[in-house]
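A.B. asks: Letter by letter, the chains look like this.
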Amino acid sequence: MSRTYLTLLDPLTRLVGARGAMIVSAEDGLVVAEFLMENVKGSALAALAASLANRVARVVETSGRGAPRFMQLQAKGGSVFVALAPADLILVLLTGPETAAGAARLEMLQAVERMG
Amino acid sequence: MRTVEPWVAEPLNAFVTESSARLTLLMTSSGQVVAQHGFAGALDVMSAAALGAGIMASSQELAALMRWPPFRIMVHQGRAQGHFLCRFQTPRGWWIGLVVYGTDTSLGLVELFFDQLVEQLLAATPHEEKPREVLTADFEAELNASLRALFGR
Chain A
1 MSRTYLTLLD PLTRLVGARG AMIVSAEDGL VVAEFLMENV KGSALAALAA SLANRVARVV
61 ETSGRGAPRF MQLQAKGGSV FVALAPADLI LVLLTGPETA AGAARLEMLQ AVERMG
Chain B
1 MRTVEPWVAE PLNAFVTESS ARLTLLMTSS GQVVAQHGFA GALDVMSAAA LGAGIMASSQ
61 ELAALMRWPP FRIMVHQGRA QGHFLCRFQT PRGWWIGLVV YGTDTSLGLV ELFFDQLVEQ
121 LLAATPHEEK PREVLTADFE AELNASLRAL FGR
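Those protein sequences? They're chains A and B, same order as listed.
For the first sequence, the residue numbers in this note's numbering are 1 to 116.
For the second sequence, the residue numbers in this note's numbering are 1 to 153.
Honestly, I wouldn't trust all of these hints.
In the DMTMM-like style, the derived pairs of lysine to aspartate or glutamate whose C-alpha atoms are separated by at most 20 Å in a straight line are [what the hints assert, rightly or not]:
#1 K41(A) x E18(B)
#2 K41(A) x E119(B)
#3 K76(A) x E61(A)
#4 K41(A) x D10(A)
#5 K41(A) x D115(B)
For the chain A half of the interface with chain B, some residues (derived, Cβ under 8 Å), not all of them [what the hints assert, rightly or not]:
#6 G29
#7 E38
#8 V40
#9 G42
#10 S43
#11 A47
Honestly, the hints are just simulated from the structure, not real lab data.
Here a beta-carbon is modelled for each residue, glycine too, at the ideal position from N, C-alpha and C.
Sequences and hints are given; from them, build the entire structure.
C.D. replies: Here is the structure:
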């Protein structure tokens, strides 16, 4: 199972500027599968990304817009992309500033479709 | 929040705030309570400490029997509530943290912030005092002093 998830992450890690990608259990905030550069602390990223995804989902659902699909947090040093996936999972992508946001979004949504 | 050791209060307070834990108990590996947050009564906290230390001790024995390295973290995950138990070394000996958390947080967050709590406790531990041995004759007085500190009674 974990190997299947790693295969799903592979195209994301090939994006220009990608620092890592992971699949996280949304409820627990624990890592299911990850491809990360050495200096990235996966467990912390997983826990915080899951917490963020859950809170944002609650906000969006409360506003009557349904469940969110995709989030992007852009900072000076790069971006964190989060996509909600089936089976209570989330897909997280960490990139540098050089990554094209559109390409990242497309790859992530395709990965989510493959997870379904 | 109540603590027997005053230097524990600040890191524990930060942990409780960040993790949204419902209940938190720090104890020595023998079940002596160091600090607690969220418990209403002395009986609850003493029972939880004894049970937490007992679970950790029996799990260490199981690991030894299987020739595994000792467990550091154990989790009991329920539908609406989880129990997180973590054993860690301090200059005062092995301590155990017992955290009860609900659906407003996650195991990942509890683990993340508990690791930070451990780091902060290690940094805050006063090194000058050697660990005290609790003698049988002093046990009741020690226990009463701890309960006064923990519950203000």
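A.B. asks: Hint by hint, say whether it matches the structure.
C.D. replies: To see whether the hints hold, each was checked on the structure:
Restraint check for K41(A) and E18(B): satisfied, since their Cα atoms lie roughly 18 Å apart, inside the 20 Å limit. At most 20 Å may separate the alpha-carbon atoms for a hinted pair to count; K41(A) and E119(B) meet this at roughly 16 Å. For the hint pairing K76(A) with E61(A), the CA-to-CA distance comes to about 29 Å; that exceeds 20 Å, so the pair is violated. Our distance criterion of 20 Å between C-alpha atoms is met by K41(A) and D10(A), whose separation comes to about 19 Å.
Between K41(A) and D115(B) the alpha-carbon distance is near 13 Å, which keeps this suggested pair within the 20 Å criterion. For G29(A), the shortest C-beta to C-beta distance to chain B is roughly 2 Å, which falls under 8 Å, so the interface hint holds. At about 18 Å, the closest approach between the beta carbon of E38(A) and any beta carbon in chain B exceeds 8 Å, and the interface hint on this residue is violated. At about 14 Å, the closest approach between the beta carbon of V40(A) and any beta carbon in chain B exceeds 8 Å, and the interface hint on this residue is violated.
Against a cut-off of 8 Å between C-beta atoms, the interface hint on G42(A) is violated, since the closest Cβ of chain B lies about 10 Å away. This hint holds: S43(A) has a C-beta 6 Å from the nearest C-beta of chain B, less than the 8 Å allowed. Nearest Cβ of chain B to the Cβ of A47(A): about 3 Å, under the 8 Å cut. The hint holds.
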